[in-house]
Amino acid sequence: MAAAIEVSGLTKRFGSRTAVDSLELSVPEGCAYGFLGPNGAGKTTLIRMLLGLTRPNHGQIAMLGLNLPAERAAALARTGAIVEEPRFHNHLTGRQNLRIIAAARSSEAFDRIATSLARVGLGDRADERVKRYSLGMRQRLGVARCLLSDPGLLILDEPSNGLDPAGIHEFRAMIRGFVDEGRTVFLSSHQLAEVERICDRVAIVDQGKLIAEGTLDELRSGGEKLLVVGCDDADRALALLEGSPALAATLLASGELQVTLVEVAGDNGRASAAAVNRALVEAGLAVHKLEPVEATLEQRFLEITSRLGEEPEPE
Amino acid sequence: MIAAEVLKLARRRGLMWTALAFMVGSVLVILAVRAVKYTPTGGADGYTGCMYAIISFGGLVATAIGATAGSQDHSSGVFRDLVATGVSRLKLFTVRVPGAMIVVVGLVVPAYLIAAAAGLTLAGDRATLSGGLAQDDLGYLALLFGTLTVLGCAFSTLAGSRGWVIGGLIVLEWVVQPLLTHIDQLGRARDWLLGPAVDHFAREDIARYNDLELGSSQAWMTIAVWLAVAFAIGAWRAVTRDA
Numbered sequence: 100m101a102a103a104i105e106v107s108g109l110t111k112r113f114g115s116r117t118a119v120d121s122l123e124l125s126v127p128e129g130c131a132y133g134f135l136g137p138n139g140a141g142k143t144t145l146i147r148m149l150l151g152l153t154r155p156n157h158g159q160i161a162m163l164g165l166n167l168p169a170e171r172a173a174a175l176a177r178t179g180a181i182v183e184e185p186r187f188h189n190h191l192t193g194r195q196n197l198r199i200i201a202a203a204r205s206s207e208a209f210d211r212i213a214t215s216l217a218r219v220g221l222g223d224r225a226d227e228r229v230k231r232y233s234l235g236m237r238q239r240l241g242v243a244r245c246l247l248s249d250p251g252l253l254i255l256d257e258p259s260n261g262l263d264p265a266g267i268h269e270f271r272a273m274i275r276g277f278v279d280e281g282r283t284v285f286l287s288s289h290q291l292a293e294v295e296r297i298c299d300r301v302a303i304v305d306q307g308k309l310i311a312e313g314t315l316d317e318l319r320s321g322g323e324k325l326l327v328v329g330c331d332d333a334d335r336a337l338a339l340l341e342g343s344p345a346l347a348a349t350l351l352a353s354g355e356l357q358v359t360l361v362e363v364a365g366d367n368g369r370a371s372a373a374a375v376n377r378a379l380v381e382a383g384l385a386v387h388k389l390e391p392v393e394a395t396l397e398q399r400f401l402e403i404t405s406r407l408g409e410e411p412e413p414e
Numbered sequence: 123m124i125a126a127e128v129l130k131l132a133r134r135r136g137l138m139w140t141a142l143a144f145m146v147g148s149v150l151v152i153l154a155v156r157a158v159k160y161t162p163t164g165g166a167d168g169y170t171g172c173m174y175a176i177i178s179f180g181g182l183v184a185t186a187i188g189a190t191a192g193s194q195d196h197s198s199g200v201f202r203d204l205v206a207t208g209v210s211r212l213k214l215f216t217v218r219v220p221g222a223m224i225v226v227v228g229l230v231v232p233a234y235l236i237a238a239a240a241g242l243t244l245a246g247d248r249a250t251l252s253g254g255l256a257q258d259d260l261g262y263l264a265l266l267f268g269t270l271t272v273l274g275c276a277f278s279t280l281a282g283s284r285g286w287v288i289g290g291l292i293v294l295e296w297v298v299q300p301l302l303t304h305i306d307q308l309g310r311a312r313d314w315l316l317g318p319a320v321d322h323f324a325r326e327d328i329a330r331y332n333d334l335e336l337g338s339s340q341a342w343m344t345i346a347v348w349l350a351v352a353f354a355i356g357a358w359r360a361v362t363r364d365a
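These protein sequence lines map, in sequence, to chains A and B. Each residue of the first sequence is one higher than the last, beginning at 100 in my numbering. Each residue of the second sequence is one higher than the last, beginning at 123 in my numbering.
Chain A on its own, in the form it takes in the complex:
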């Protein structure tokens, strides 16, 4: 599959601090791609380099098959982007703000103003001044601004900030609609649950480096394999399993056990789970529950970025 974004050896330093460190990234065309990382991981810096807002110190970037910076104008002509919170001329209406951007794009962009506003649900509020818009309306207007270029690639930085639950639901459907139309959506976000619902592939960056990349299933299956065990004597089961050096077991508040399985030759912990069951049954315990724990993207994110136990902070 061709790459919508191809980044190689990309480095950006601010003084002695390296914000993006020899980053390698390939975003396939026609998918929703989540770009995750803790505060200061380099997410926004990468987006700013993609859009020509700041210059990299080293490395190569290609967008939509076009090399940057040589072919930046052509690449950006087919790209729509929201960087951080969308900003506008507050004294102008939503429609006038889109006219400002359309003037910098092409004559076709003017023809797309009405449809873009309608698509994000701002058709009837387009002639109000932006200073009266809520943050959610500004986010929608930011997406409408992206659509003026009929983009093959949308780069969205925290786009669902400020949206209410209904707005988030609509936004999710809108993003999937873009992907169904063959567009690529590159979504940088802290809202891991949203990324999990929207995206096909995910990259996790920390301290400017790519530390995990793949489909959601690949990422979720990459962590610890956990098993919840229910039996008639949890204390005895715990003592029994603690004797096994390969297993770590803890007693849950529910009176059940959580066991960390050992993966052997990519078996996803199956042999280990069977061994647990066998040990308990042979000890005369009545086992009524053996339930693998499905890791969420958030758990994997916190494991990978070594922040287990910390709440993700808004950027």
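The set of hints was computed from the structure by calculation and includes no laboratory data. Every clue listed holds true.
Reference listing, derived: stretches of chain A covered by chain B, where coverage requires no fewer than 3 residues with Cβ under 8 Å from a Cβ of chain B:
#1 150 to 158
#2 176 to 185
#3 199 to 205
Residues on chain B that point at chain A, a partial pick, calculated with CB under 10 Å:
#4 123
#5 134
#6 194
#7 200
#8 202
#9 204
#10 207
#11 210
#12 214
#13 217
#14 365
Residues from chain B shown here face chain A by an in silico Cβ test under 10 Å; the list is partial:
#15 135
#16 136
#17 198
#18 201
#19 203
#20 205
#21 206
#22 208
#23 209
#24 213
For every residue, glycine included, the Cβ atom is placed at its ideal position computed from N, Cα and C.
Following the hints, position chain B against chain A.
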């Protein structure tokens, strides 16, 4: 894109109404005072009186509009979105100047038309405004307001905000340069002051600087250097700024 620049400026209602009030109001006040104290109210004399107001307030307006044009994309945060369209940063800067000039013309013309109307009528037994005089004055106003617009636009692009730039240019135009022209020890260095160079093309009745003798070629050269340097500074900042 020039139309977009005009839109951004023209929709600043507070700035537009204030500027228009200064321009038209000052001319009406001059004519009202003349109607009470002088004869004739209009004619060539009344028109020249109005020109003082147009020059003073028009200079302020041109500076403010130019500075707003140069800084509004940055201060609103929209500059990065314009850069992200792929259009060149140099073009983004360049279109600000004609956009601002169109708006300045739109604000100056009503005041000038009132002054010219008074100049053509209300003359009593004195001379009315002649076509040649009007042509000369319009040329001078275009040069004066054009240079102030470019300077305001370029220096506010450099600074990223307009407040200090408007204040700085007002001080330069109405305080620093008048002082410097009177310091004889500066000798021919004063030939490179912008105000006297622009006023070389004003008739004596309305020129603000009549103390320096400048040749036309020197005056053009001085204006060209100021405009080129200001434009280069603004363009450099627009191209190199992290958006």
